Amino acid sequence: MAVFPFELVSPDKVLFSGPAQAVVIPGHEGDFQVLSDHAPTMSAIRPGVVGVDDANGKHHRVFVRGGFADVNPLGLTILAETAIPFEDLNAAHLDQEIKNAEEDVVDATEDQKQAAQEKLDRLRELKDTMNL
Amino acid sequence: MPSLKELRNRIASVRSTQKITKAMQMVAVSKLRRAQAAAEAARPYALRVESVLTNLASAATPGEGPRLLTGSGANQTHLLVVCTGERGLCGGFNTAIVRLARDKATALASEGKTVKIVCVGKKGFEQLRRTHEKQILELIDLRAVRAITYETARPIAEKIIGLFDSGEFDVCTLFFSRFRSVISQIPTALQLIPPELGEVNDKAPSYDYEPDESEILTQLLPQALTVRVYRALLENAASFFGSQMSAMDNATRNAGEMAKKYTLRYNRTRQAMITKELIEIISGAEAL
Numbered sequence: 001m002a003v004f005p006f007e008l009v010s011p012d013k014v015l016f017s018g019p020a021q022a023v024v025i026p027g028h029e030g031d032f033q034v035l036s037d038h039a040p041t042m043s044a045i046r047p048g049v050v051g052v053d054d055a056n057g058k059h060h061r062v063f064v065r066g067g068f069a070d071v072n073p074l075g076l077t078i079l080a081e082t083a084i085p086f087e088d089l090n091a092a093h094l095d096q097e098i099k100n101a102e103e104d105v106v107d108a109t110e111d112q113k114q115a116a117q118e119k120l121d122r123l124r125e126l127k128d129t130m131n132l
Numbered sequence: 001m002p003s004l005k006e007l008r009n010r011i012a013s014v015r016s017t018q019k020i021t022k023a024m025q026m027v028a029v030s031k032l033r034r035a036q037a038a039a040e041a042a043r044p045y046a047l048r049v050e051s052v053l054t055n056l057a058s059a060a061t062p063g064e065g066p067r068l069l070t071g072s073g074a075n076q077t078h079l080l081v082v083c084t085g086e087r088g089l090c091g092g093f094n095t096a097i098v099r100l101a102r103d104k105a106t107a108l109a110s111e112g113k114t115v116k117i118v119c120v121g122k123k124g125f126e127q128l129r130r131t132h133e134k135q136i137l138e139l140i141d142l143r144a145v146r147a148i149t150y151e152t153a154r155p156i157a158e159k160i161i162g163l164f165d166s167g168e169f170d171v172c173t174l175f176f177s178r179f180r181s182v183i184s185q186i187p188t189a190l191q192l193i194p195p196e197l198g199e200v201n202d203k204a205p206s207y208d209y210e211p212d213e214s215e216i217l218t219q220l221l222p223q224a225l226t227v228r229v230y231r232a233l234l235e236n237a238a239s240f241f242g243s244q245m246s247a248m249d250n251a252t253r254n255a256g257e258m259a260k261k262y263t264l265r266y267n268r269t270r271q272a273m274i275t276k277e278l279i280e281i282i283s284g285a286e287a288l
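Sequence lines, in order, name chains A and B.
Counting in the numbering used here, the first sequence tops out at residue 132, every number present.
Counting in the numbering used here, the second sequence tops out at residue 288, every number present.
In case anyone wonders, no lab produced these hints; they're calculated from the structure.
Listed below are the simulated DSBU-like cross-link pairs for lysine-lysine, each with C-alpha atoms no more than 30 angstroms apart in a straight line:
#1 B:K5 <-> B:K261
#2 B:K104 <-> B:K116
#3 B:K31 <-> B:K159
#4 B:K5 <-> B:K22
#5 A:K127 <-> A:K13
#6 B:K22 <-> B:K122
#7 B:K31 <-> A:K13
#8 B:K122 <-> A:K13
#9 A:K113 <-> B:K159
#10 B:K22 <-> B:K260
#11 B:K134 <-> B:K104
#12 A:K13 <-> B:K159
#13 A:K113 <-> A:K99
#14 B:K260 <-> B:K5
#15 B:K159 <-> A:K99
Owing to the predicted nature of the structure, the values given are computational and were not obtained by experimental measurement.
Using the sequences and the hints given, assemble the complete structure.
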């Protein structure tokens with residue numbers, strides 16, 4: 001299967017860099033998968049899990065929150081504000097995220113409230129699916 | 001002429017000072033290594049954000065778009081964010097940044113502009129307080145912060161954006177020290193609002209935007225600002241330790257020289273005294 005260059009970077013480190021066969025991204029408008037020769041797309045991302053099939057077909061999962069996915073002819077770059085490899089992710093992390101999100105909902109002004117609430121729901125849902 | 005005992009004490013005190021500066025130098029070296037690694041690790045992300053921002057901004061209509069990109073339209077009130085270290089004993093590191101900021105503040109004031117200052121780091125605050133006390137809005141203390149993370153930069157960026165949104169200033173400039181090498185740190189001014197952007201890449205593909213372009217830009221701008229602050233803090237940390245390292249290296253060497261000088265003097269004095277005593281004894285014996 002054709003591969004394309006993929007990078008997943010967070011402010012303090014590069015989590016993944018190398019060729020990938022397919023990457024599933026939790027986009028703002030819904031999850032989407034990027035294969036090689038994808039049309040140039042710039043998408044905001046929801047909190048969720050990025051799934052990567054690397055060149056050897058091995059599957060990696062990384063939890064991301066906040067940021068952007070940039071698909072261009074040179075490859076795919078995900079700029080995540082927070083990124084934690086799935087293996088390192090635990091209930092404590094998620095609880096902290098949920099707590100932060102709850103505070104955001106309380107602090108948010110009227111027009112931001114819906115977005116903040118959506119984010120919180122999303123995190124809760126994620127926690128349930130992981131059975132933590 | 002100091003007595004032998006005084007000289008002995010002085011040598012001992014110089015030696016112990018030397019031990020302290022030597023230890024500080026070694027600590028700075030190891031911390032520098034870590035700070036440098038952190039600064040390098042942050043680079044890819046910052047570069048990516050910059051390039052995405054540049055592409056998006058070039059697509060936006062000039063004069064329109066979010067205020068964080070275009071500025072408030074005025075150029076009257078300037079906010080200077082001065083990032084310095086929390087500690088001294090680091091050569092000219094803090095002074096160089098403060099000098100740059102102070103020059104800028106003076107230049108702006110002579111043009112009739114209003115200047116406001118936010119200090120990040122205690123040392124810059126202490127120096128600026130003498131001349132610009134009334135203009136300082138706030139001191140952000142990072143002394144409790146052991147390692148700089150993205151989360152350290154976030155509240156600072158949020159504060160800047162908050163002040164901007166409430167119309168406190170029109171143009172924001174960040175002062176920090178760029179880390180070029182261990183012996184060379186360059187005090188730098190970087191304009192944050194409206195942002196300085198790099199060369200536009202003409203070959204940028206036409207993107208599909210999800211959600212639409214302006215919304216992404218609105219989300220990206222605060223993030224790009226945070227990244228810039230974050231990078232400035234990291235560069236500053238690396239510069240600080242680099243500067244401290246060379247300052248302490250100098251101090252250690254000076255102390256070594258001083259100890260040598262005093263030892264020489266001590267030995268000479270001692271010898272002179274022995275000679276004197278011998279002469280006294282011999283001439284006493286001869287007189288008999």
